[in-house]
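Engineer: These protein sequences, in sequence, are chains A and B. Each residue of the first sequence is one higher than the one before, starting from 1 at the first, in my numbering. Each residue of the second sequence is one higher than the one before, starting from 1 at the first, in my numbering.
Don't read these hints as lab results, they were simulated from the structure. Computed from a predicted model, the values in this text were never measured in an experiment. There may be inaccurate statements among the hints.
Below, a sample of chain A positions facing chain B; criterion: calculated Cβ distance under 7 Å [to be verified]:
| hint | residue |
| --- | --- |
| 1 | Val131 |
| 2 | Arg137 |
| 3 | Leu138 |
| 4 | Leu142 |
| 5 | Arg146 |
| 6 | Gly150 |
| 7 | Ala154 |
| 8 | Phe234 |
Note that beta-carbon positions come from the ideal geometry of N, C-alpha and C, so glycine has one too.
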Amino acid sequence: MTARIRLTSAVLALIVALVPAIGSAAEPRESCANRDPLRRALYGDLHVHTTYSLDASTQDTRNKPADAYRFARGEALGIQPYDDDDRAMRSVQLDRPLDFAAVTDHAELFGELSICRTPGLPGHDNLACQVYRRWPRLAFYLMNGRASRGLRPAFCGENGARCVEATRGIWQRMQQAAEEAYDRSDQCAFTSFVGYEWTGSGGLSNNLHRNVIFANATVPDLPISFVDDTDPRFLWSELESRCRKAGTGCDVVVIPHNSNLSAETMWLEENPDGSPLTAEQARARAEAEPLVEVFQHKGESECRVGTGTTDEQCNFEQLPYDTMAAVSNTALRSPPGPNNFVRSILGVGLAEQARIGVNPYALGIIASTDTHLGTPGYVDERRHVGHGGAGPPLRGLPRGLPDAVEFNPGGLAAVWAEENTRESVFAAFRRKETFGTSGPRIQLRLFGGWDYPANVCASGEVAAAGYAGGVPMGGQLAAPPSGAVSPTFLAAALKDAGSPDRAGTDLQRIQIVKLWLEDGEPRERVLDIAGTPDNGADVDLASCEPRGAGHASLCTAWTDDSFDPAAPALYYARVLENPTCRWSTWVCNEHAVDCSDEGSVSEELAGCCDASIPKSIQERAWSSPIWYSPPTTD
Amino acid sequence: MSSVRARRLLWVVLMVALPVPMLGLETGWVPVIRLLLLGGATAGIALQGPDDLSLLFTGMFLGQAALWGLLQWWVARSLASRLPSFAPLALAGTLLVAALFPIYQTPYSADRAASSILQILE
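Just chain B, same shape as in the assembly (with noise of 0.2 Å):
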């Protein structure tokens, strides 16, 4: 796998699998992808009818989700451009396996302090 599809692939498994201090009214840790849902979320409900809190909302989980997003890419571009060819994808398989477990503290939710990356994208 050529280095570059390297880090494509480790960015993506971090954004989706490598839980990150998620901060604000509620705190927990949780993947990028996450904050994403909760950002699009609020932002659609903004573009019904903006009122403060929905944009204050969609701005600290946006805000946050680049934040974590652009620091992935730059760890994943470190990782692949350093490490031997088979290292990034280790890495991505094993976060991966540990996301299947319920490893992320999810405030916001229903009943549930810790998810598992399935049960946040159900």
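In isolation and in its complexed conformation, chain A is listed as follows (with noise of 0.2 Å):
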């Protein structure tokens, strides 16, 4: 009987033991030597591209993941274009490390590229991989064009089990690459997650893309891709059967990006019957896409003037087009609408919230880079060398732009974190608290409360004050208390640090943006809470030297005295920086192009004339959300 009694003791201490390590997706790893409770800043990339991707490879990209991890954390890497010798013509490197970085590879084609490029492999010698290894550019179409319609090529064979066999060899080395990249000791200087890219499209080539990314070692064995389903909805029920409700530890996030090419089809408000989302489809929503990435590459997708908006700040970084295709292609070439942008959409989802209660576009904010050369966090806009986003190789150095002139450089994914570990920044990931910058490593923090004292900011001690007195970035406005009126924002904001070569530039000011329910449609109202536009800050565009002077920092307490209790509102911040140069001005003036003698522009620098293409740009950051709900009455 005693006996008995210890056995099972022992296994319910066994049980109890493993239980949490099961359920909260910890990972053996060392204590961090810098654990802040306050939490800090970290910034990374969580989307990137290496030549484990059909459009990176097809261009000349030869990273892998290992690469893109030595990268972020401080390396110099060789890239495109490549001599005789195979040796690269061009070298870059971060001016500081990154904290954290997910290499996010197209999944669609892993297997596709592995057979073609791997001799001996069934199906290497097969048309369609001598067209990838002659043509690659021609191959690029051919195969995107097939996956992109959920079909595979014939090399994969019946089911396409060839590829799927390939895929898993892939799909391996890229958590091995995340795995080594992963500081698991008390330094804690590097977190790498493991990730991918689901490569979906809608009509001609309507952007759905969405990276997804794991909160540690434990994934499916095999990535779920648009060639599994072409529908969203497919993904995150597979992502939720196969990892976060697998019991496994396995836990994941799904952020989509570029919805500003997305033909106003990534946020779709209705099912294809015409049925309007359910309760329990929002919910599913929400829960598998808490982000969305605002920034990259490919451009701005928070708001655009004209669509819905007459914000001023609505104009950065703006592509003129609204699908992938119009890219390349000018004749499809059409106006981006409002359900384009996100913030359009967080309006509609505070509709769907008084709806049926559940808001499907809760989404906190990140931006990254989405650099097909294998570069994480290469955002510097001096030294912009193009992100090869899906475009044809270099044949030789650049000579002019070295990139389309309507992209930019990218930006970065930023969190407030206790510490560098996967389980810590992957929290921050869950409870929104992030925000994405288009490249400098601004800090802005962002708090809710009720009762934050007006001289919050003079005490110093403003990220205790704000969780001691309220919700950060991403939170839910708890119910107002008895005889509060209106909610405070605490919002702080310090300048990029810069780096021992090259300072940051001062701040010019802090918005809000509010957005709230009236007669059931979304408005918006858009202030300036810290700092002032009038600075009469700028820039020499000569010479790209800043002129005036900004803030190192900027912090304020600002209470919306137009508060309706009985109105679903949501508040984000976003702080702007002085005026610089964009990187197509410092490229242009290398060149010396003289816009006033056309004749003496080369085509490679015809961009630098382009009208449309703003010289200067104010950098910036933008908050994860605040959300406020009315009480509900039952």
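Could you use the hints to bring the two separately framed chains together as a complex?
Structural biologist: Structural data, given as structure tokens:
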């Protein structure tokens, strides 16, 4: 009897010990030496392509995931073009390492690429693979075209079995690269995440792409791709059954991007049969997709002047078209509409919340690069080498603009986390305590509460007061306490500290963007709450020297005096730097382009004289929103 | 050499060596034989498993090849009948020598914008 009790106790103890490890996705690792309970800003890139992506490989990107992680950790990396001896003709390096990164290669053609590049594998000698090796750009169109219709090439064999098997090898190599890059020492210098891109398209080429980021090393045995099923709801449900609800410790977030190129189809408000979303569908979407990438190489997706807003800061890094096909085919270009943009859809989310009680679009904000060179976090306007997103291969060193002039170097994902571990950073993704930047490492805090003191900024304890008195970005405001009239938002920003050889740019102002429902329709209001647009700062476009002063830091406690406790609302912060030269201006100045003498401007520099492209920009950061829902009466 | 043989020789050389505009998603200047090679490859892929794009590319490449091929046949016939007998031969020889240099702009290649006929056929 005693022995049986002892055995039962031992089994129970074992179960108690194992359950948290299984359920919490905890991984074995040393504790971090520099844990901060008030959380610190960590910067990373969650959108990175290497040679395992078809579009990267067919433009001669040769860097692999392990190379991309080395680059993210601060090492120099060679990039195309390559000389006759296969030596990279260009080298790039970050001025500061990133804190975290995920390589997110396009999952749809892992197997096909592996077969076409590995002699001896069944299918390697097939005509389609010979086309890939001989005319890679033609293969790019043909293979991508099939994949974007959910089809596999014939050489994949019956039911695509050969390609599925080859996919397994690539997927394991990606996991191995992430594992090797992850710093499990107490230095906690770098965190890698296993990830991939689900590369869906609708219509001709309406972008539905999403990055899938796993919390830890426990991942499904194969990536769930667009070829498996073309409906994103299949992706969400498969990730739920094979990861989040599998009981293995697996967890995952899905991050849509480039809604600006989706022809307004990224955020469908109804089912294909025309029926509205149900609460269950909205909940599934919100759980699967807590974040959105608002900025990257191929433009900004926050908002656009003329699509439901007059916000003058919505003219930042806009693409003048709204599908992927229009990138290369000017005949297909049409102007973007409101639902191409995240701000509009955040407003739709409020309306859905009011209708069905669940907000399917309660999205936290990040940004990333979408580099196709395997160079995460390479966002320097001054040294932009292009990111090569699905572009043609370079024929020799670039002699002018290294990228389409309307593209940009991309941005960074940022989180507020206690320490730089997978567990801590992923928890920030889940609670949406994230922000995106257009490149600089601006620090942006936003808290919402009901009784922040007016002098909280002067106290120097912004974070402590912010957490103690309310919720951080990504959170939900609690119901107003008795006697409270309006919420107060505590917004604080620090300028990018810069690197030893380059100072960061001063801040100009912090803005609050408020969306709320009025008569069932989303409304918006944009206010400057700290700093001013009239600070006189600008940039000398000839030398790119900034002129005028700004702020090293900004902080304010702003109270919404027009608050309606009966109206669902959300608030997010946007902080702007003083103006600086855009990347294209740096290049055009280096080549002494004179647009007044058209004949002197080479074809490679023609973009320098495109009047629609601004010469200067105001780099920025966007916080995740804080939401407010009126108390329910039942 | 008879005018018929001269015409045939010149036509083949024009097909192999004369750069003609290549239209489509990517553009360039290529000999008709490259259009035939590309069209043949995409036709082969389409036969393995037809899809919109492989059929579109096949039509685009072979359609242009047929158009330029017919035009070149007419040019070869005209030149062979109107010029002295040595002229077509001289023209063909000149074209073949020029083709050894990278005079073609060859889209869909991996890493070269300009190619010679040997690089196209390698």
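Engineer: If you check each hint against the structure, which ones fail?
Structural biologist: Of the numbered hints given earlier, those the structure breaks are 6 and 8, listed in rising order.
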